[in-house]
Amino acid sequence: DGGITQSPKYLFRKEGQNVTLSCEQNLNHDAMYWYRQDPGQGLRLIYYSQIVNDFQKGDIAEGYSVSREKKESFPLTVTSAQKNPTAFYLCASRSPQGYEQYFGPGTRLTVT
Amino acid sequence: AQSVAQPEDQVNVAEGNPLTVKCTYSVSGNPYLFWYVQYPNRGLQFLLKYITGDNLVKGSYGFEAEFNKSQTSFHLKKPSALVSDSALYFCAVRDLSNDYKLSFGAGTTVTVRA
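Protein sequences, first through last, are from chains S and C.
Counting in the numbering used here, the first sequence runs from 1195 upward without gaps.
Counting in the numbering used here, the second sequence runs from 82 upward without gaps.
Accuracy of the hints is not assured; some may be wrong.
Below, a list of computed lysine-lysine pairs in the DSBU-like style, where the Cα atoms sit at most 30 Å apart [what the hints assert, rightly or not]:
1) C/Lys158 to C/Lys130
2) C/Lys150 to C/Lys103
3) C/Lys139 to C/Lys158
4) S/Lys1264 to S/Lys1251
5) C/Lys130 to S/Lys1251
6) C/Lys103 to C/Lys158
7) S/Lys1251 to S/Lys1203
8) C/Lys130 to S/Lys1265
9) C/Lys130 to S/Lys1203
Computed spacing ranges between beta-carbons, pair by pair [said to hold, decoys possible]:
10) C/Val164 to S/Pro1299: 31 to 41 Å
11) C/Val164 to S/Asp1232: 23 to 33 Å
12) C/Leu137 to S/Gly1210: 49 to 59 Å
13) C/Val164 to S/Asn1247: 38 to 48 Å
14) C/Asn122 to S/Leu1221: 17 to 27 Å
15) S/Thr1306 to C/Lys150: 48 to 58 Å
16) C/Leu163 to S/Asn1220: 38 to 48 Å
17) S/Ser1274 to C/Ala195: 44 to 54 Å
18) C/Val164 to S/Glu1256: 38 to 48 Å
Coverage of chain S stretches by chain C, computed from C-beta distances (three or more under 8 Å per stretch; other residues unrestricted) [stated by the list, open to error]:
19) 1232-1241
20) 1292-1306
Bear in mind the hints are in silico, worked out from the structure with no lab data behind them.
For every residue, glycine included, the Cβ atom is placed at its ideal position computed from N, Cα and C.
The following block holds chain S by itself, in its conformation from the complex (with noise of 0.2 Å):
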């Protein structure tokens, strides 16, 4: 987990709010991703940024949106169209040496 940071660990909202998620990282990285895992499925790609003021869309972008204003900083808002938030957020980043992506510790979000 190292370098990158994710904030809150665990984030409780209502129905029909939006809520934004906190991931920075330290390692100089111009890459960064956010992925939601559920229970079986793996991990998919929500939205990922190449490089500042950049980002495009993963596998399940609807209902998510995301800003890249600084290198440091991608925080991702699950807005209240997405239709089951209720998931464990991930970020990452990547070194721009290596394919390998580097992980935070995670934001359980649950939506009642």
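Start from chain S and add chain C according to the hints.
Just chain C, lined up with the frame of chain S:
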């Protein structure tokens, strides 16, 4: 499209016995393969990768993996398992159409009993 499969949802071994977690891949070109471990309510930790070169790759915490091109496999191994190795393990492959993306397997839960 490239993908990886982890054919076993669960693996159970006794402490001190060898541990193997299986992964097979489907890639049209040269695969870049990765193994990660996840402890409960934590993020994924990178264990090792195969890019090119020696088919036997050594990684963190005593783990190693063997790349087998003829069998399209990349199995994770540890000669002597510890109770602390109990976790969820993911295999991943680089997306050949997009260098920035990885495709992950569904994961294998490993339980090491004392």
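Going down the list of hints, with the structure as the test:
1. At roughly 13 Å between alpha-carbon atoms, C/Lys158 and C/Lys130 fall within 30 Å of each other, so this suggested pair holds.
2. Restraint check for C/Lys150 and C/Lys103: satisfied, since their Cα atoms lie roughly 14 Å apart, inside the 30 Å limit.
3. Between C/Lys139 and C/Lys158 the CA atoms are separated by roughly 10 Å; this keeps the pair inside 30 Å, and the hint holds.
4. For the hint pairing S/Lys1264 with S/Lys1251, the CA-to-CA distance comes to about 18 Å; that is within 30 Å, so the pair holds.
5. For a cut-off of 30 Å, the pair hint linking C/Lys130 to S/Lys1251 stands: about 26 Å separates their Cα positions.
6. The hinted pair formed by C/Lys103 and C/Lys158 meets the criterion: a straight-line CA distance of about 9 Å does not exceed 30 Å.
7. Pair hint S/Lys1251 plus S/Lys1203 holds up; C-alpha atoms about 24 Å apart against a cutoff of 30 Å.
8. Proximity of C/Lys130 to S/Lys1265 is assessed by CA-CA distance (about 26 Å); at most 30 Å being required, the pair is judged to hold.
9. Distance restraint check for C/Lys130 and S/Lys1203: the Cα-Cα separation of roughly 28 Å lies within the 30 Å cut-off, and the hinted pair is therefore satisfied.
10. One distance hint, 31 to 41 Å for the beta-carbon pair C/Val164 and S/Pro1299, is violated here, with the actual separation near 22 Å.
11. Checking the proposed 23 to 33 Å range against C/Val164 and S/Asp1232 shows it holds: the Cβ atoms sit about 27 Å from each other.
12. Under the hint 49 to 59 Å, the C-beta atoms of C/Leu137 and S/Gly1210, about 53 Å apart, fit the expected range.
13. For the hinted restraint 38 to 48 Å between C/Val164 and S/Asn1247, the CB-CB distance of approximately 47 Å keeps it satisfied.
14. As the Cβ distance of C/Asn122 to S/Leu1221 is approximately 22 Å, the hint placing it in 17 to 27 Å holds.
15. Range check, S/Thr1306 to C/Lys150: about 49 Å between beta-carbon atoms, so the 48 to 58 Å window is met.
16. One distance hint, 38 to 48 Å for the beta-carbon pair C/Leu163 and S/Asn1220, is violated here, with the actual separation near 31 Å.
17. Judged by the Cβ atoms, the range 44 to 54 Å given for S/Ser1274 and C/Ala195 holds: they are separated by roughly 47 Å.
18. For C/Val164 and S/Glu1256, the Cβ-Cβ distance of about 41 Å falls inside the hinted range of 38 to 48 Å, so the restraint holds.
19. Requiring three or more residues with a Cβ within less than 8 Å of a Cβ of chain C, the coverage given for the region 1232-1241 of chain S holds, as 5 such residues are present.
20. Counting residues of the region 1292-1306 of chain S whose CB falls under 8 Å from any CB of chain C gives 10; the rule of at least 3 is met.
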